[in-house]
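Enquirer: Residue numbers (the numbering used here), protein chains in the order written: chain A, 1 to 186; chain B, 1 to 172.
Quick caveat, the hints were computed from the structure, so don't treat them as lab data. For glycine and all other residues, C-beta sits at the position ideal for the given N, C-alpha and C. Wrong hints could be hidden among the right ones.
Computed beta-carbon distance windows for the label pairs [stated by the list, open to error]: (1) B:Q32 <-> A:S158: 20 to 28 Å; (2) B:A96 <-> A:R157: 42 to 50 Å; (3) A:T161 <-> B:E69: 33 to 41 Å; (4) A:I58 <-> B:L111: 54 to 62 Å; (5) B:E38 <-> A:R157: 26 to 34 Å; (6) A:T161 <-> B:S64: 51 to 59 Å; (7) A:T6 <-> B:S31: 45 to 53 Å; (8) B:S64 <-> A:T181: 44 to 52 Å; (9) A:E62 <-> B:A92: 21 to 29 Å; (10) B:S72 <-> A:R46: 21 to 29 Å; (11) A:I58 <-> B:A35: 44 to 52 Å; (12) B:W95 <-> A:I29: 44 to 52 Å; (13) B:R41 <-> A:S158: 35 to 43 Å.
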Amino acid sequence: MTSGNTNADTDLVERYLAGDMTAFDELMIRYERQIYRVCYRFVENREDAMDLAQEVFIKAFEHLAGFRKESSLKTWLYRIAMNHCINHVKKQSHEFVEVTENIGSVRASVQSHLEEREQREHFRRLVKQLPPKQKAILELRINEQLSYEEIASISGRSVSTIKASVFFALEKLRKLVKDPTLMKKV
Amino acid sequence: MFGHLKAEDFVNLMDGTELSATQRKHIAGCSQCHATWEYMRSAHSEMSSMETDIPEPDWSSFRSSVRDELLSRSIQRQSTVRRWTGWAIRPATAWALSLLLAVGVTTVTVLWKSTPPVPYAAPKPPVVEPAAEVIEAGPEKALFEDVMALGEEQQEQLRRMLESSPSVTYKR
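Same shape as in the complex, but just chain B (with noise of 0.2 Å):
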């Protein structure tokens, strides 16, 4: 038989909801939706039935149980965040600046080693002007001596080679 009612409709018939005609002439009609309409009413009753059975608490006690409960957990939670924020912070400090330190020095290292090297240069020697000639002197008194040592000619031989050479230079 077509038509017949969904599982929305026997619901609410059972919520007292009236059906329309054709559903009415329908349930009437039909066995098959007139024998679920009849186990779903008597369910329906027999689950009603089953509330009476629930025993009660005390609700005085419940109601403190759930209070002291709460309070427990509340406290708890308090210290959970007093240790974090209290003196677990130092070793926290403490970790954060060495990890800091640690990823400051590998930087650090890291771009030392990527730049390029310059390649090395060995230093220039300085510049000396070339002495136009060294003459080895000994100390003043052996010079002395040695000049009044000379005879006449030596000594004019000297004296022509000092005022032809105005660069030359003691070594001592």
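Chain A extracted, bound-state conformation (with noise of 0.2 Å):
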């Protein structure tokens, strides 16, 4: 984040919060799809997600007046999402049906790209098994390529600690795949 970037954060807040809609806008559009996305992570489908960051959004809005610049915007929505989102999917986690695809019978031409996307299902279920804040920094990390500095603003942790939730989040993510055993029913 530049502080270009920032300073402009700061007017759209400031002009929002005298009244003018379109800074609403031009917030939005700055943000939307980042926090859609992250909330996309963790519930895994499109109107959840929508639902997730509606609220994320609505509570970012209500409490911008309160917002201290002390980090930077773009970190203080990431923080609010994450915790929007683990509380969601800690109250919803005794809800999780596993989904199983019935792939039917298929033609030998399109085989390889099933394999594929078997395999790739296969891995997001193991990172569905990570604790919800581990999942959380993996994939700030590597799908919305935060750096470590803003993860760490964004929960609150140091550098050293994010790194190595990056770390053994991987490994264990290793040890599922050696043993599938250690899986939990999702």
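From the two separate chains plus the hints, produce the assembled complex.
Expert: This is the structure in structure tokens:
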């Protein structure tokens, strides 16, 4: 996040608080995709991710006056999203149902594509086994490509802790690949 | 083998940070660290490939739903504030006043009961100078007739008695 972006965010926040609704649209356009993607990674379906992202933005806009600018707006929004999603996943964890794909009969020409897809699905299921916070850190780093400093600021931990968390998340995935019996029923 | 790479070293390596000569030498010779590094690299690329599957929603409708929800919550909040500061202020004031009155009455009662009771002193009867002599007198006419009916000797006795007792009180 450059200081130019931060200044632009600060300006947009001030304009929104002064009642300028065009600032609302600009803020949304800047961050809606990123926040939605974070939410999607937790729930893995479009509708739930949209609901979660909407709740995150409502929470953020309602508390925008209290945003103290100690961190960037991006970090602040990610923090709200991460906490909101982790709470949601914890509440819903007992309701998770395993989704199995019924591939049926397939033609040989698409066999390799399906295998690749299946492998990806399997990996996704493994990632789901990680504790919510560890999973979030891994996703923010690898898929959202946030810096370790940004993730540390979002989660309120040190950079070393975040790096260790990424390592141990990948280590856990390795153990699950080696020994699938370690997998919980999801 | 000593000098295994730490968690942070693997993560730095994954991010493309150059390892020191010692660490490079170690990872080349240590099968454990080499296997860990190989897995980290493949898991990292596997994770990265997962991101392409995220379906995009209709952003303009998403934005308007957030805006509408914010607006409706703001209206709700305003009406709640108005409810508390508008008509509801009257019952609130009444409550406050009754409470104040109750506290006042209780305080006065407690204070009243806590002061030590003053012993009852019976009022003293008014001091009346005793009359030297009380003569029962009848009506004026009857008295006059009684005096007229007295003999000379009795009249003289009465005159002397009156002269000698100036503090005689006549009671009617």
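Enquirer: Find the hints from earlier in the document that the structure breaks and name them by number, from lowest to highest.
Expert: 6 and 13
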